[in-house]
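A.B. asks: Take a look at the letters that make up each chain.
Protein chains: 2
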Amino acid sequence: MTDPGGETHDLEDLRQAIDHIDKQIVSLLAERQAVVKQVTEIKKSRHLPVYHPAREEDLISSRRTQGAAAGLSPDFIEELYRVILRQSRVEQTRRMAQKAVFPGGVILIVGGRGAMGRFFERRFIEAGYQVRILDKEDWPNAGQLCEGIHAALISVPIDQTNAIISRIAPCLPRNAILADITSIKSSPLAAMMDAYEGPVVGLHPMFGPNTSSLDKQIVVATPGRQDAQYQWLLDQLAAWGSVVVTADANEHDQIMDLVQALRHFASFSFGRFLYRKQIDLERTLDFTSPIYRLELGMVGRLFAQDPSLYCEIIFASRQRRDVLRQYVRSLQDNLDMLEENNKEAFMAEFSKIADWFGSFSEQAMRESTYIIDKLIERF
Amino acid sequence: MTDPGGETHDLEDLRQAIDHIDKQIVSLLAERQAVVKQVTEIKKSRHLPVYHPAREEDLISSRRTQGAAAGLSPDFIEELYRVILRQSRVEQTRRMAQKAVFPGGVILIVGGRGAMGRFFERRFIEAGYQVRILDKEDWPNAGQLCEGIHAALISVPIDQTNAIISRIAPCLPRNAILADITSIKSSPLAAMMDAYEGPVVGLHPMFGPNTSSLDKQIVVATPGRQDAQYQWLLDQLAAWGSVVVTADANEHDQIMDLVQALRHFASFSFGRFLYRKQIDLERTLDFTSPIYRLELGMVGRLFAQDPSLYCEIIFASRQRRDVLRQYVRSLQDNLDMLEENNKEAFMAEFSKIADWFGSFSEQAMRESTYIIDKLIERF
Chain A
140 MTDPGGETHD LEDLRQAIDH IDKQIVSLLA ERQAVVKQVT EIKKSRHLPV YHPAREEDLI
200 SSRRTQGAAA GLSPDFIEEL YRVILRQSRV EQTRRMAQKA VFPGGVILIV GGRGAMGRFF
260 ERRFIEAGYQ VRILDKEDWP NAGQLCEGIH AALISVPIDQ TNAIISRIAP CLPRNAILAD
320 ITSIKSSPLA AMMDAYEGPV VGLHPMFGPN TSSLDKQIVV ATPGRQDAQY QWLLDQLAAW
380 GSVVVTADAN EHDQIMDLVQ ALRHFASFSF GRFLYRKQID LERTLDFTSP IYRLELGMVG
440 RLFAQDPSLY CEIIFASRQR RDVLRQYVRS LQDNLDMLEE NNKEAFMAEF SKIADWFGSF
500 SEQAMRESTY IIDKLIERF
Chain B
140 MTDPGGETHD LEDLRQAIDH IDKQIVSLLA ERQAVVKQVT EIKKSRHLPV YHPAREEDLI
200 SSRRTQGAAA GLSPDFIEEL YRVILRQSRV EQTRRMAQKA VFPGGVILIV GGRGAMGRFF
260 ERRFIEAGYQ VRILDKEDWP NAGQLCEGIH AALISVPIDQ TNAIISRIAP CLPRNAILAD
320 ITSIKSSPLA AMMDAYEGPV VGLHPMFGPN TSSLDKQIVV ATPGRQDAQY QWLLDQLAAW
380 GSVVVTADAN EHDQIMDLVQ ALRHFASFSF GRFLYRKQID LERTLDFTSP IYRLELGMVG
440 RLFAQDPSLY CEIIFASRQR RDVLRQYVRS LQDNLDMLEE NNKEAFMAEF SKIADWFGSF
500 SEQAMRESTY IIDKLIERF
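These protein sequence lines map, in sequence, to chains A and B.
Here my numbering = 1-based position in the first sequence + 139.
Here my numbering = 1-based position in the second sequence + 139.
Mixed in with the good hints there might be a few duds.
Identical copies look the same in the list; a pair holds intra-copy or inter-copy alike.
[Stated by the list, open to error] Below, computed lysine-lysine pairings styled on BS3-like, alpha-carbon distance capped at 30 Å:
{"id": "1", "residue 1": "K416", "residue 2": "K482"}
{"id": "2", "residue 1": "K176", "residue 2": "K162"}
{"id": "3", "residue 1": "K238", "residue 2": "K182"}
{"id": "4", "residue 1": "K355", "residue 2": "K176"}
{"id": "5", "residue 1": "K355", "residue 2": "K182"}
{"id": "6", "residue 1": "K416", "residue 2": "K491"}
{"id": "7", "residue 1": "K355", "residue 2": "K183"}
{"id": "8", "residue 1": "K416", "residue 2": "K355"}
{"id": "9", "residue 1": "K275", "residue 2": "K482"}
{"id": "10", "residue 1": "K355", "residue 2": "K238"}
{"id": "11", "residue 1": "K183", "residue 2": "K482"}
{"id": "12", "residue 1": "K238", "residue 2": "K176"}
{"id": "13", "residue 1": "K238", "residue 2": "K183"}
{"id": "14", "residue 1": "K482", "residue 2": "K176"}
Read the hints as simulated data drawn from the structure, not as lab findings.
Take the sequences, apply the hints, and build the full model.
C.D. replies: Written out as structure tokens, the structure is:
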């Protein structure tokens with residue numbers, strides 16, 4: 140390996156050796172997928188769940204041990220197997236989803252031509268349900284469209300939800316489920332309970348229409364009436380891989396004021412300030428640490444999406460707008476500290492907040508560090 | 140497979156088949172690592188760079204093609220190989236770093252007992268440099284510590300940087316590099332140019348002391364004097380895997396007002412508001428979509444770290460504090476919109492900002508969607 144020509148030759152040989160190993164790895168992955176397919180068939184016929192946490196953890200811990208014994212980093216092996224297992228779950232979920240929890244079910248999606256409506260239309264059709272759409276122009280046929288349905292899913296803008304509920308309720312067959320997927324819950328749930336006497340449930344899918352898989356995505360369910368009657372709808376969401384979290388509608392709305400509205404509003408305000416300063420985004424990115432790239436990405440991401448969606452979320456209720464105004468005012472408390480160059484005040488405040496965040500901040504540190512590594516790896 | 144007992148048996152068999160495949164995959168990964176080690180030895184002896192983008196892209200595209208032909212998702216294969224290639228780079232960088240770009244170099248780290256000082260101390264020692272530390276208590280020996288050094292790295296809090304520069308400069312041997320790693324650059328660079336006549340460069344490593352690898356991490360270099368003399372120091376950073384970005388010190392500072400200070404300040408203010416509202420963090424997380432979990436994590440992350448670090452960044456200069464105050468005031472412009480429930484104003488503003496973000500927001504959408512998938516996969 141001392142002769143330079145020989146070294147180049149060696150390098151080429153070694154790269155071919157790597158390619159040869161990689162081909163075998165990909166072949167084994169294909170073999171693995173074929174075996175997983177057989178597992179899925181069995182799970183499907185026996186109604187077993189896709190996600191089997193204990194089996195996954197066992198598998199990962201065996202591979203970590205084997206990797207470490209072979210001189211590989213166990214964290215690296217775990218990371219790799221998290222990717223492999225997720226792909227395996229997504230594949231299994233896709234196959235399992237083809238079997239409906241309520242075979243023969245007929246679903247009416249009111250507002251079915253909107254982005255979320257179309258999202259659920261595809262999912263229900265894939266699972267073998269019969270899906271009907273009722274959008275603006277279809278009201279003359281509402282009676283016919285409602286005939287024999289087992290569930291009506293209201294997927295319309297927040298400010299129309301209550302009116303649409305009142306309009307559809309009288310057309311529904313007795314025992315059909317009435318459910319909405321609005322991002323606020325108290326007011327639509329009250330409207331459904333008022334307008335209709337059958338099974339009622341409010342749903343809030345915590346994801347957008349661009350989500351590629353429902354795997355581990357959260358759906359909040361706010362119970363209305365006749366839980367047993369609408370249970371199959373929640374089971375169907377779970378069969379798609381979602382995690383269904385049950386909550387009181389008021390509690391949901393209060394939390395969403397912060398979880399959704401405040402975060403989106405803060406991102407909007409940040410983007411607005413950058414725009415007003417006319418900063419040079421491109422040049423900024425040259426200087427960018429992965430964490431800033433990610434943070435700026437969270438802001439940029441907002442502006443790639445439908446403004447009316449964010450407008451709806453931010454302006455959803457007076458209570459919500461009040462929280463946002465409180466937030467703006469709370470920022471003004473920082474002005475004096477900045478004006479007076481008061482570092483002591485900053486440090487004292489920081490420590491109090493850090494105590495309050497407690498163990499969450501450590502966990503956030505671990506999670507975001509992991510994510511930053513992923514960003515570096517990919518981009 | 141129709142007899143239930145047989146099915147359980149089958150499931151167990153199939154799981155064993157999967158384990159058998161997985162063992163082969165891990166063995167192949169170990170083989171792969173051994174070959175990569177040989178590649179590293181050659182690269183090291185021939186001074187070839189670790190990161191070879193064209194080779195990586197070729198490799199990924201071959202594996203995608205092979206995967207697709209075998210019925211695997213090409214995106215899944217690419218994801219897997221990004222993890223494998225990153226691990227490969229990290230391993231290579233670790234091995235290459237053991238060879239110094241400037242063999243026999245002696246480095247003095249002023250403030251070497253701080254977190255960043257210790258971070259660089261470890262890196263330089265691993266690479267085979269001789270490292271000396273000058274911290275508060277070592278000033279009586281400053282003359283001796285400076286004897287025969289090739290570079291002095293100033294790693295002290297911002298508000299002490301200029302004073303320390305004036306104090307160390309007269310002790311430096313002619314031709315030693317004087318460099319600082321403060322997060323602002325104009326003022327320390329001017330101080331170095333003033334106090335010293337030899338080679339000068341200002342550095343800003345865009346990462347914290349907890350970074351596990353320098354792979355793809357950015358270091359901003361603001362040129363001072365005698366570029367050719369300090370080039371080996373930049374080359375050493377690149378050999379560790381860093382990306383060195385050259386910039387004018389003023390440009391750097393203006394961008395950092397936004398990139399660092401404004402982002403941290405916005406996160407601080409957000410955390411402060413949550414604390415004042417005393418929201419129930421735990422319950423909030425039950426409802427959490429991955430994107431919110433990530434956004435809250437970015438805030439929580441701040442409070443897991445050293446307050447004095449953020450205090451330094453936020454209060455670094457009057458100019459910076461003025462930018463932050465402008466930001467607070469700009470938020471007040473949103474108050475009327477919220478008070479008057481003026482959705483039209485929001486939509487109009489949103490569209491203007493979205494236009495301005497342009498293609499960045501699409502890219503941010505793609506990147507953050509990828510990252511969210513990673514979060515779901517892992518937590």
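A.B. asks: With reference to the structure, classify each hint as holding or not holding.
C.D. replies: Hint check results:
no., hint, result
1, K416 with K482, "both (26 Å within a copy, 23 Å between copies)"
2, K176 with K162, "both (21 Å within a copy, 19 Å between copies)"
3, K238 with K182, "within (11 Å within a copy, 54 Å between copies)"
4, K355 with K176, "within (20 Å within a copy, 38 Å between copies)"
5, K355 with K182, "within (18 Å within a copy, 43 Å between copies)"
6, K416 with K491, "between (32 Å within a copy, 14 Å between copies)"
7, K355 with K183, "within (19 Å within a copy, 44 Å between copies)"
8, K416 with K355, "between (39 Å within a copy, 29 Å between copies)"
9, K275 with K482, "between (58 Å within a copy, 22 Å between copies)"
10, K355 with K238, "within (19 Å within a copy, 46 Å between copies)"
11, K183 with K482, "neither (61 Å within a copy, 48 Å between copies)"
12, K238 with K176, "within (15 Å within a copy, 49 Å between copies)"
13, K238 with K183, "within (8 Å within a copy, 56 Å between copies)"
14, K482 with K176, "neither (60 Å within a copy, 50 Å between copies)"
Of the numbered hints listed earlier, those contradicted by the structure are 11, 14.
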